[in-house]
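Protein chains in written order, with the working numbering: chain G, 112 to 696; chain R, 112 to 696.
Derived by calculation from the structure, the hints in this document are not laboratory data. Treat the hints with caution; some may be incorrect.
[Said to hold, decoys possible] Restricting the straight-line Cα-Cα distance to at most 25 angstroms, the calculated cross-link-like pairs of lysine to aspartate or glutamate (DMTMM-like) are:
1) G/Lys-354 <-> G/Asp-445
2) R/Lys-505 <-> G/Glu-276
3) R/Lys-645 <-> R/Glu-600
4) R/Lys-404 <-> G/Asp-412
5) R/Lys-541 <-> G/Asp-412
6) G/Lys-351 <-> G/Asp-287
7) G/Lys-566 <-> G/Asp-680
8) R/Lys-541 <-> G/Asp-325
9) G/Lys-498 <-> R/Glu-600
10) R/Lys-495 <-> G/Asp-650
11) R/Lys-645 <-> G/Asp-579
12) R/Lys-645 <-> G/Asp-670
13) R/Lys-498 <-> G/Glu-555
14) G/Lys-541 <-> R/Asp-660
15) R/Lys-566 <-> R/Glu-600
16) G/Lys-495 <-> R/Asp-412
17) G/Lys-498 <-> R/Asp-493
18) R/Lys-541 <-> G/Glu-596
19) R/Lys-498 <-> G/Glu-596
20) R/Lys-645 <-> G/Glu-555
21) R/Lys-308 <-> R/Asp-493
22) G/Lys-498 <-> R/Glu-626
23) R/Lys-404 <-> R/Asp-660
[Stated by the list, open to error] Far from chain G, by Cβ distances over 12 angstroms, these chain R residues were calculated:
24) Leu-297
25) Ala-342
26) Arg-654
This structure is a prediction, so every number in the text was calculated from the model and none was measured. Even glycine gets a Cβ: it sits at the ideal position worked out from N, Cα and C.
There are 2 protein chains.
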Amino acid sequence: MLSRYLPILDWGRRYDGETLSSDLMAAVIVTIMLIPQSLAYALLAGLPPVVGLYASILPLVAYAVFGTSRTLAVGPVAVVSLMTASAAGAVAAQGSPEYLTAAITLAALSGVMLAVLGFLRLGFLANLLSHPVISGFITASGLLIATSQFKHILGIKGGGDNWPEMLGNLATGLGDTNPHTLVIGLAATAFLFWVRKGLKPMLVRFGMKPRGADIAAKAGPVVAVAVTILAVITLGLADKGVKLVGAVPQGLPPFALPSLDPDLVAQLWVPALLISVIGFVESVSVAQTLAAKRRQRIAPDQELIGLGAANIASAFSGGYPVTGGFARSVVNFDAGAQTPAAGAYTAVGIALASLFLTPLLFNLPVATLAATIIVAVLSLVDLKTPKQLWTYSKGDLAAHAATIGVTLIWGVETGVIAGVLVGLLLYLWKASRPHAAIVGRVPETQHFRNVERHKVLTVPHVLSIRIDENLSYLNARWLEEYVLERVAERPQLRHVILMCSAVNAIDASALESLEAINHRLGDGGIRLHLSEVKGPVMDRLERSHLLTDLTGRVFLSQDKAFSELATDDGSEPPLQTADWARGMI
Amino acid sequence: MLSRYLPILDWGRRYDGETLSSDLMAAVIVTIMLIPQSLAYALLAGLPPVVGLYASILPLVAYAVFGTSRTLAVGPVAVVSLMTASAAGAVAAQGSPEYLTAAITLAALSGVMLAVLGFLRLGFLANLLSHPVISGFITASGLLIATSQFKHILGIKGGGDNWPEMLGNLATGLGDTNPHTLVIGLAATAFLFWVRKGLKPMLVRFGMKPRGADIAAKAGPVVAVAVTILAVITLGLADKGVKLVGAVPQGLPPFALPSLDPDLVAQLWVPALLISVIGFVESVSVAQTLAAKRRQRIAPDQELIGLGAANIASAFSGGYPVTGGFARSVVNFDAGAQTPAAGAYTAVGIALASLFLTPLLFNLPVATLAATIIVAVLSLVDLKTPKQLWTYSKGDLAAHAATIGVTLIWGVETGVIAGVLVGLLLYLWKASRPHAAIVGRVPETQHFRNVERHKVLTVPHVLSIRIDENLSYLNARWLEEYVLERVAERPQLRHVILMCSAVNAIDASALESLEAINHRLGDGGIRLHLSEVKGPVMDRLERSHLLTDLTGRVFLSQDKAFSELATDDGSEPPLQTADWARGMI
Chain G
112 MLSRYLPILD
122 WGRRYDGETL
132 SSDLMAAVIV
142 TIMLIPQSLA
152 YALLAGLPPV
162 VGLYASILPL
172 VAYAVFGTSR
182 TLAVGPVAVV
192 SLMTASAAGA
202 VAAQGSPEYL
212 TAAITLAALS
222 GVMLAVLGFL
232 RLGFLANLLS
242 HPVISGFITA
252 SGLLIATSQF
262 KHILGIKGGG
272 DNWPEMLGNL
282 ATGLGDTNPH
292 TLVIGLAATA
302 FLFWVRKGLK
312 PMLVRFGMKP
322 RGADIAAKAG
332 PVVAVAVTIL
342 AVITLGLADK
352 GVKLVGAVPQ
362 GLPPFALPSL
372 DPDLVAQLWV
382 PALLISVIGF
392 VESVSVAQTL
402 AAKRRQRIAP
412 DQELIGLGAA
422 NIASAFSGGY
432 PVTGGFARSV
442 VNFDAGAQTP
452 AAGAYTAVGI
462 ALASLFLTPL
472 LFNLPVATLA
482 ATIIVAVLSL
492 VDLKTPKQLW
502 TYSKGDLAAH
512 AATIGVTLIW
522 GVETGVIAGV
532 LVGLLLYLWK
542 ASRPHAAIVG
552 RVPETQHFRN
562 VERHKVLTVP
572 HVLSIRIDEN
582 LSYLNARWLE
592 EYVLERVAER
602 PQLRHVILMC
612 SAVNAIDASA
622 LESLEAINHR
632 LGDGGIRLHL
642 SEVKGPVMDR
652 LERSHLLTDL
662 TGRVFLSQDK
672 AFSELATDDG
682 SEPPLQTADW
692 ARGMI
Chain R
112 MLSRYLPILD
122 WGRRYDGETL
132 SSDLMAAVIV
142 TIMLIPQSLA
152 YALLAGLPPV
162 VGLYASILPL
172 VAYAVFGTSR
182 TLAVGPVAVV
192 SLMTASAAGA
202 VAAQGSPEYL
212 TAAITLAALS
222 GVMLAVLGFL
232 RLGFLANLLS
242 HPVISGFITA
252 SGLLIATSQF
262 KHILGIKGGG
272 DNWPEMLGNL
282 ATGLGDTNPH
292 TLVIGLAATA
302 FLFWVRKGLK
312 PMLVRFGMKP
322 RGADIAAKAG
332 PVVAVAVTIL
342 AVITLGLADK
352 GVKLVGAVPQ
362 GLPPFALPSL
372 DPDLVAQLWV
382 PALLISVIGF
392 VESVSVAQTL
402 AAKRRQRIAP
412 DQELIGLGAA
422 NIASAFSGGY
432 PVTGGFARSV
442 VNFDAGAQTP
452 AAGAYTAVGI
462 ALASLFLTPL
472 LFNLPVATLA
482 ATIIVAVLSL
492 VDLKTPKQLW
502 TYSKGDLAAH
512 AATIGVTLIW
522 GVETGVIAGV
532 LVGLLLYLWK
542 ASRPHAAIVG
552 RVPETQHFRN
562 VERHKVLTVP
572 HVLSIRIDEN
582 LSYLNARWLE
592 EYVLERVAER
602 PQLRHVILMC
612 SAVNAIDASA
622 LESLEAINHR
632 LGDGGIRLHL
642 SEVKGPVMDR
652 LERSHLLTDL
662 TGRVFLSQDK
672 AFSELATDDG
682 SEPPLQTADW
692 ARGMI
């Protein structure tokens with residue numbers, strides 16, 4: 112029981128020297144990758160770069176204690192940083208102490224929400240985000256993030272939460288472009304692109320193993336950071352208007368307190384919830400992918416608690432919302448991490464960096480960090496999904512496109528909400544008008560098929576309808592309309608058979624609709640029969656009035672129902688409420 | 112085409128003398144019933160009684176032109192009046208001109224919303240209200256309405272939108288009870304109860320036909336109105352503190368204009384939407400029930416337009432939101448109405464009443480109208496539904512109980528919204544963890560059944576899973592977890608078969624999950640197979656990557672799949688990405 116909520120008790124007991132050395136190796140590599148990323152994502156979130164380091168220390172330790180993935184690497188990630196910027200920017204100006212407080216409060220709210228959802232086992236709510244919506248949201252976020260960094264490459268002012276604002280501000284400021292900044296920014300971007308695309312093949316050609324080459328390529332940003340710092344110092348670029356990171360406080364994360372101001376909480380709870388859900392979905396899919404590769408399992412509800420603990424830890428150490436990141440988790444996995452302890456060792460690495468390396472960052476150009484972000488997020492832009500959706504499902508494509516459009520035009524929060532609503536609306540719309548078919552007998556067999564697709568036998572006084580969907584309140588009204596319309600077209604009708612072979616459930620609303628259909632058909636002298644009702648559905652129907660009131664019978668097979676009713680020559684006494692036969696079950 | 116939007120062109124063409132006399136007869140009876148009801152419901156809505164008459168004239172004509180039900184009687188109804196009182200009371204004080212403007216604006220907004228929903232064919236959105244939620248809402252509304260009228264029976268001040276407020280106000284004011292008012296109120300209530308329960312059997316015993324006795328009993332309120340007016344005049348009760356209706360303006364409805372004030376519209380649009388949906392659901396279920404009795408059909412999307420027109424007409428003639436009422440429609444039907452023209456004739460009757468009868472209403476005690484309301488709405492309180500839900504479906508019972516509880520404690524608007532959300536949440540929760548079973552072969556047959564319920568054959572290297580639900584984004588994550596957990600428990604596994612006989616659809620998210628399962632199983636050296644995939648589902652899968660990437664095959668029958676794979680002795684070459692076989696289809 113205790114080890115369900117504290118997975119560390121489980122893997123910690125079997126920790127040995129071999130695991131330790133694997134974990135340490137992975138931690139060193141992830142630390143090198145994480146330092147420039149943490150600084151860059153804090154910049155993206157509109158926060159001082161050091162906040163990115165703070166968010167990469169205690170949260171990793173908290174996740175190591177409470178998380179269930181062996182290889183997930185937690186910390187600041189691009190999309191959540193963008194969402195933080197959008198939410199905090201709505202309540203305070205970037206650079207103000209209130210802005211930092213808002214970011215810390217977002218982490219605290221998000222942490223509490225994640226933990227509560229985990230304890231209540233409500234992880235299934237994340238299902239409301241469909242794949243097409245998530246991928247649309249990530250694509251649009253990637254585009255927004257890249258666009259948001261252009262101002263740093265150009266060395267101008269800018270800002271905005273969405274494309275219209277961002278592009279407007281960029282167009283206005285274009286005249287103020289700083290040529291030195293632009294050269295650094297473009298050079299760093301080009302270099303990082305080359306590292307991503309060209310370095311690995313080159314290293315392999317020089318005899319390096321592919322996996323090693325992959326990991327070496329992840330160190331590209333560190334090289335870009337070091338080279339541009341040197342360039343600034345040697346060429347004296349600080350005097351030429353190149354914006355630098357400047358003084359970064361040296362030392363361990365401070366103890367911080369989130370704000371409990373009810374007004375602030377009221378403004379931030381919706382964005383905090385969205386950040387929680389998006390962060391959870393991103394993190395869980397990474398964790399599941401990696402766990403499956405080693406035939407391990409993660410526990411999604413416990414993951415909520417793990418991420419919740421990480422965010423609460425982030426809030427109390429001056430950080431901002433964190434989650435499991437894709438790129439760094441893959442590096443962690445490939446570098447051989449065996450347990451969450453690797454995350455804790457990474458935390459030590461980052462702590463050492465914030466103790467000793469921060470003075471070196473004074474001369475780091477902001478444009479370098481912007482280049483890091485741009486190159487990292489362009490891989491988020493996914494052009495394959497829309498093509499696949501076009502051929503597979505137009506409805507899903509609509510949800511995907513709507514999410515991209517709304518996110519780009521109105522920003523991330525509206526985008527997520529619109530995506531959930533469009534997905535839900537399409538789902539409900541489909542569930543509210545399910546597939547059904549009028550069926551007839553395939554000659555000389557016991558099979559029944561759609562009369563519109565096959566040559567089948569029917570008789571004018573019997574109508575057989577196959578319902579290809581569970582019956583629920585969403586389609587109960589449709590069912591009434593569908594059956595009564597088909598009946599209204601057929602004046603000779605005396606029997607209606609509902610073939611229930613694909614009906615896995617009938618809820619109370621659908622039951623009432625079946626009763627209404629039964630009574631309405633009865634008023635018109637038509638009997639209602641059921642066939643091929645599944646066991647669990649039948650168990651439930653036996654606890655209702657439907658079977659007692661049914662004007663017709665319940666047949667085990669459609670074949671039997673059709674055979675018996677087709678031979679009814681009308682000599683059967685006409686239907687009277689008084690003598691409705693109890694159905695044969 | 113034109114007659115789709117103007118059903119009057121259809122039935123109007125075949126109108127003859129016989130239909131005219133049936134319609135006129137029904138109109139006279141409905142008019143007599145509608146006069147006291149209209150006054151009473153206006154009182155319930157917190158409006159001057161004459162507004163109830165106004166809402167029963169032009170709206171009926173508009174519905175006669177645009178509506179599709181032959182027998183629906185439109186006008187003010189109890190639940191919508193309560194919702195109007197709640198919404199208008201939130202923006203203005205009862206009795207103020209702003210309150211009346213708010214009510215008129217609600218009618219206009221609701222009319223426009225209904226018409227737009229009709230033109231966009233969005234009637235299916237009303238499906239979001241399940242039967243248990245509607246019945247819970249109606250029960251709670253009945254209790255709230257009855258409670259709201261106690262103050263008139265006692266002759267004290269009161270008010271409030273929910274039970275805590277109402278009961279608090281009643282308790283405070285109890286000492287001011289006016290004994291004369293109380294006697295009139297209790298006598299009228301007792302009389303109306305007796306009319307409802309005891310009059311019909313008595314009339315039948317005196318030789319009247321049941322249907323005639325039924326209709327005669329509906330005239331009870333008119334008698335109560337007449338008798339109490341006479342009592343007030345003869346006993347001089349006006350001087351003894353009995354609250355009277357007072358001066359009612361004589362004449363036809365005035366031309367009124369709804370307010371276009373954006374602030375007011377912003378405050379009223381949500382309640383207007385809820386009024387529209389509740390009114391539509393109530394009206395459509397009555398209309399469908401009655402239409403089915405004569406094998407007629409109604410067109411729900413055109414009904415939205417008809418009710419929309421009725422509400423717009425109400426707004427422009429000084430009325431408030433209206434919809435089709437249950438009791439009066441049944442009377443209209445039983446009295447022999449053949450076409451919507453009966454509604455137009457009723458409108459003429461009410462117009463004559465507001466021209467000539469209004470002076471007679473000066474001495475009508477408000478307590479009489481309150482008694483009319485109380486007796487009418489207690490039939491809304493439905494005690495059978497919770498019992499039935501208890502035996503049939505606990506989840507539906509939860510939605511029912513939540514709706515009643517929230518409506519009583521927080522009022523009608525919160526109640527409807529909570530009901531929709533609880534219903535949706537339960538539905539999504541169920542859809543997100545569907546039924547699935549591990550199946551094995553029933554010995555010496557081709558049938559496969561749940562291993563937990565039947566003695567069946569399985570082999571350790573083949574796992575057959577039957578999914579009893581459509582695969583969608585709501586359960587895609589569940590599917591991954593379910594399959595991978597079952598696999599993790601079985602180290603000897605080499606083949607997984609997903610039996611898809613109950614899967615009617617696979618959306619893009621579920622497709623991605625199947626691809627993920629395929630890859631993850633492949634990483635562990637296990638092949639994924641599908642069996643019994645339905646035709647339309649297969650058509651769609653063929654447009655995806657899944658079939659090309661599938662490590663296993665697609666089998667027409669589960670029998671064939673199991674037979675072939677069970678005999679695989681492991682001599683088959685181990686799975687390699689390079690030589691994944693294309694599935695046989």
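Comparing the hints with the structure gives:
| no. | hint | result |
| --- | --- | --- |
| 1 | G/Lys-354 <-> G/Asp-445 | 36 angstroms, violated |
| 2 | R/Lys-505 <-> G/Glu-276 | 51 angstroms, violated |
| 3 | R/Lys-645 <-> R/Glu-600 | 29 angstroms, violated |
| 4 | R/Lys-404 <-> G/Asp-412 | 52 angstroms, violated |
| 5 | R/Lys-541 <-> G/Asp-412 | 17 angstroms, holds |
| 6 | G/Lys-351 <-> G/Asp-287 | 13 angstroms, holds |
| 7 | G/Lys-566 <-> G/Asp-680 | 24 angstroms, holds |
| 8 | R/Lys-541 <-> G/Asp-325 | 43 angstroms, violated |
| 9 | G/Lys-498 <-> R/Glu-600 | 37 angstroms, violated |
| 10 | R/Lys-495 <-> G/Asp-650 | 21 angstroms, holds |
| 11 | R/Lys-645 <-> G/Asp-579 | 11 angstroms, holds |
| 12 | R/Lys-645 <-> G/Asp-670 | 20 angstroms, holds |
| 13 | R/Lys-498 <-> G/Glu-555 | 47 angstroms, violated |
| 14 | G/Lys-541 <-> R/Asp-660 | 28 angstroms, violated |
| 15 | R/Lys-566 <-> R/Glu-600 | 21 angstroms, holds |
| 16 | G/Lys-495 <-> R/Asp-412 | 39 angstroms, violated |
| 17 | G/Lys-498 <-> R/Asp-493 | 53 angstroms, violated |
| 18 | R/Lys-541 <-> G/Glu-596 | 30 angstroms, violated |
| 19 | R/Lys-498 <-> G/Glu-596 | 32 angstroms, violated |
| 20 | R/Lys-645 <-> G/Glu-555 | 22 angstroms, holds |
| 21 | R/Lys-308 <-> R/Asp-493 | 17 angstroms, holds |
| 22 | G/Lys-498 <-> R/Glu-626 | 17 angstroms, holds |
| 23 | R/Lys-404 <-> R/Asp-660 | 56 angstroms, violated |
| 24 | Leu-297 | 37 angstroms, holds |
| 25 | Ala-342 | 44 angstroms, holds |
| 26 | Arg-654 | 5 angstroms, violated |
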